[in-house]
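Protein chains: 2
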Amino acid sequence: MERPIAASVVKDVLAKMDISDISQATIRQCQAVANKLEEINNMRFIHLEIGVPGILACPVGLEAQKKALDSNIAHEYPPMGGIPLLKQNASKFLKAFADVDIEPECIVPTVGSMQSSMNLILECSQLNPEKDTILYINPGFSPNMLQAKIQGIKREAFDIYEFRAEKLRGKLEEYMSKGNIAAVLYSNPNNPTWMCLTEDELKTIGELATIYDVVVLEDLAYFCMDFRQDFSKPYEPPFQPSVARYTDNYVIMMSSSKIFSYAGERIGVACFSPKLYYREYPALREKYGLGRMGDNFVLTYLYAASTGVSHSAQYAYAALLGGAADGKIDFISEMAKYGQRAFRSKEIFERHGFHIVYDKDLDRKVGDGFFYTIGYKNMSCSELMFDLTRCGITAISLNSTGSAQNGIRACVSRLSSDKHFEEMDKRLGMFEQIQKEKQA
Amino acid sequence: MERPIAASVVKDVLAKMDISDISQATIRQCQAVANKLEEINNMRFIHLEIGVPGILACPVGLEAQKKALDSNIAHEYPPMGGIPLLKQNASKFLKAFADVDIEPECIVPTVGSMQSSMNLILECSQLNPEKDTILYINPGFSPNMLQAKIQGIKREAFDIYEFRAEKLRGKLEEYMSKGNIAAVLYSNPNNPTWMCLTEDELKTIGELATIYDVVVLEDLAYFCMDFRQDFSKPYEPPFQPSVARYTDNYVIMMSSSKIFSYAGERIGVACFSPKLYYREYPALREKYGLGRMGDNFVLTYLYAASTGVSHSAQYAYAALLGGAADGKIDFISEMAKYGQRAFRSKEIFERHGFHIVYDKDLDRKVGDGFFYTIGYKNMSCSELMFDLTRCGITAISLNSTGSAQNGIRACVSRLSSDKHFEEMDKRLGMFEQIQKEKQA
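Quick note, the sequences are listed as chains A and B, same order. According to our numbering, the stretch in the first sequence is residues 1 to 440, in order. According to our numbering, the stretch in the second sequence is residues 1001 to 1440, in order.
Watch out, some of these pointers could steer you wrong.
Unchecked claim - Okay, the calculated bits of chain A under chain B, using three or more residues with CB under 8 angstroms as the criterion:
hint, segment
1, 264-273
2, 423-433
To be verified - Restricting the straight-line Cα-Cα distance to at most 35 angstroms, the calculated cross-link-like pairs of lysine-lysine (DSBU-like) are:
hint, chain 1, residue 1, chain 2, residue 2
3, A, LYS365, A, LYS377
4, B, LYS1154, A, LYS154
5, A, LYS171, B, LYS1092
6, B, LYS1167, A, LYS275
7, A, LYS287, B, LYS1016
Simulated from the structure, these hints should not be mistaken for lab results. For each residue, glycine too, the CB sits at the ideal point set by N, CA and C.
Generate coordinates for the entire structure from the input sequences, incorporating the hints supplied.
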C-alpha cells in the first residue's frame, strides 16, 4: 500500500453496506468493510478488529478430542450437566490458578462463554420478580449487552473510566440500592481496554453484591492473561483475581477460546458459587417445577438452548484444564505472545502521535495483552475510524463498547509476523500525513 | 425381575423427588425415578422414555471430524453462517431426499435442532409487533413448548387427534384468523405419536401460512424415517413430505442426531425458504439495524446464543449429508432397525391387552418408527405410568406432550437385544396380573 484509499471510495463502500456512521458499526461490519476495500484495492488490511485466536489450538486438546470420537461418544447425548472429567478438571484448574474452591457439581459446560452469559442473564432476570435489570460495567463486550436486548431484558450501564478505586462503591450503590438490579456483568481483564480491576475493587463489588443480593457475572475469558504478574505456577500465588473471594453471589464464566486457542470448538464453563448453585428460588420453582438456580441452569435453560455441549469437545477441554492444573501445559507462556505483540504495536502507535485511552489501573500502567485502546488527540471515534480505514487499518470504535471516550479498540491477535508491524508503521505514517494535510 | 415393585416403594421415591403426579414428570425426571428404583431393587428397567440414538455414529462423520481437527480449524471461530461445504451439502441433501430447492446461503448450522427452534421461536415473535404467539400442533416435543415459556413468548396449542384431514383447515383458521400467530410448529413424522401428516394436510398448512403470513417451523428430526415408503433413492420419488412444497413461509429444522446417530456432537441445520431468508422486516431493522430474517438469525440471534457451532462437527455433518446425497451412505436402511424394534415391541404390548392410541394416518395404519403411543383400556396416564413403573418399564406420559388422550409414549431406541423383548413380555404379563388383582 503506497497511499491512502480515497475518502470517496470508503464513503461509497459504507453507503452500499447501509452503514451511516462507521463508529456505530459492529465487529462483523467492520470486518466486511475491510474485506470489501481489500477486494477493490487489491491489498490486505491490518486487522485489529476481531479477537480471533492467532495461535494454533493446543495439541493436547486435539488428541483428547479425537480419542473421544474413537470411543463411541458421538451418538450419545452428552450429560446435560457435563461429563464428570470436565467438571472435575475445571474445579482443579480454578483451585490451581485462582485459589477458588468450587465443587465439580457446580461447574457446567456451555457452548462458549456466549451461551453462559446469554442464559445467565436470562435466568438472573427470572430469579426474583423485583429484580429485572442487568447492570453492565462498561466498556465491555458489546454482544453481552445485545444479549439482554434480544431477550427483552432491561439494562443499565456506566463507563468505569471516571469511577475507579473508592469511587466505584458509590457508583455501584447508586444502581444497586434501587433494588431492581438482578446481576452485574463485567470482564476482567477487561475487553476492550485490558484494564484489570484491583483486589480492592473486586472486594467492593463482592460486598455490595452480598448486601443487595445481586448476582455477579464475572467473565474471565482472559484468565491469567494479565502478564504483569507471573501466574504460571499452579497452586502458588499470585492467583488470578476474582470476585469469588469476596461474595457467595457469583458465577465465573471461563472460556477455552483464548487461553487454549480452542475458539472453533465452542466450549466454556459456567462456574457457580456452590451457595448460588444450590440456592432455592421460589419464582423458579413456581415457573419450572424446579427451585434451585443450578438445576434450572442445566435442566431448564441449557436444555432448551442446545441440549448440551459437543460431547467430544468436552473431553478436549477436560484434558486442557487438567493438563494445566497438573503443570503439564504451560498455557500462560504461550499466551504471552499476545503481550509481546501489544507492547510492540503500542510503541508504533505512540511514535505516530497516538495515546492509550484507558491507560492506567489506578497508579499502574495497564498491562500488555490481547486488546488495548488507542486515541489520537481529541479526534472523534468516527473520524479516527474513517481515517484509519483509509490507511488500511481496521478496528472497532470505543463507542460501540459502551465507552464514553474517543478512540478505538485494537486487538493484537492477528499481528503474527514482522511484516505486519513494518506495514503498520508505514500506514500510521500515512495517517499522520493526512492529519497534516487537513491542518494545512 | 420376578415380581412388581411394591407400590409403596414407588410412591416413596416419587415423594422424595418432589414429584406429586408421575404423569406430569419430565423425561429427565422419569429417567431419574427409574435410575433410583434400579438402585434400590438392584435390577434394570426397560427404558422407553428417552430418545437416545441406539445405533453408533456413522463412521464417515467421525473420520471427517477427526480430519478437520488435524487441519488447524479448532482455534478459528467457525463462520457464523456455517462452513460453505456444510451449506452446499445440506442443500444437495434436501434436493435429493425432499425435492426441495434451497440455496446454500439460506441453510445455517445450529447447535442441534434445539438451538434452531429456540432462536426461530424468538425471532418469529419479533418479526411483527402484532404477531406475538406461537401455535403448536400437538402432541409434540414438550421442550419446544418450554422454549416459548422460558423466553416469555405466548403460546397456543391444540391436539390434532380430532382435527385431521379436512377438519385441520377449520381448526388452524380458528387460530390464524385472529392475526396474532407468528409461527406454527410441528414435527413430521410426529414426536411422540409417529403420525405423519398427509400431503393434503401439509398443503392446508402451507396455504394458510401464506394467507395469514405465518411462519411454518417444520421439525424434520426424523427425516425419511416413515418406513412405509422407500425413500432410499436420492433424486428419485417418493420424497420426504414437507410443507416447503406449499408455501414460501417455512423453515425446515433438520437434525443429525437421529438420522446419522450424531446426537453427541450437537449439530443440526435451519433451512430457510429463500423468500423468508431474504425478506426484510421493518421491526427487525428498527431493533437491530439489520432487516432481513436470515441475516438476523445468523448475526443477531445465533451470534448472541453461542457464536456458532463446533467447527469440527460442521465437517462431520457436511460429509454425512454429502455422502447420503451421493448415494454413498445408506442412512435409511440403518435407521430401519428402529422400525423393526417398533413392530416387535408393539406386538408384545398388544398381546397384553394394550392398544395404539394415535393409530392411524387417516385410513392408513401409523408406521413403525422411533416412537409410538400406547394405552391400556381407559386407564388414566397417571395410573398407567405408575403401574408400568412398578413393573420396571419407564416411558413418558402423553399428558406431558400436550395430548388430551390417555396413554404413554414409547421410544424403541434402547430395545437393542432379544433379551429386552423377552423381558418386556414377562413384565407386561406382571402388569396384566396387577390389573386382574385390582378387579378381584
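Would you check the hint for B/LYS1154 and A/LYS154, treating anything up to 35 angstroms between C-alpha atoms as holding? Judged against 35 angstroms, a Cα distance of about 19 angstroms means the pair holds.
Does A/LYS365 pair with A/LYS377 here, judged by a C-alpha cut-off of 35 angstroms? holds, 19 angstroms
What's the verdict on A/LYS287 and B/LYS1016, does the C-alpha distance respect the 35 angstroms limit or exceed it? holds, 20 angstroms
Does A/LYS275 sit within 35 angstroms of B/LYS1167, going by the straight-line distance between their CA atoms? violated, 54 angstroms
Verify the coverage statement for the segment 264-273 of chain A against chain B, using a C-beta to C-beta distance below 8 angstroms and requiring 3 or more qualifying residues. Held - the segment 264-273 of chain A has 3 residues with a Cβ nearer than 8 angstroms to chain B, which meets the minimum of three.
Annotated coverage of the segment 423-433 of chain A by chain B, confirmed only when three residues or more have a Cβ within 8 angstroms: Contact hint for the segment 423-433 of chain A vs chain B: violated, 0 residues under 8 angstroms.
A/LYS171 paired with B/LYS1092 [C-alpha distance capped at 35 angstroms]: violated, 57 angstroms
Going through the hint list in order, the structure does not satisfy hints 2, 5, 6.
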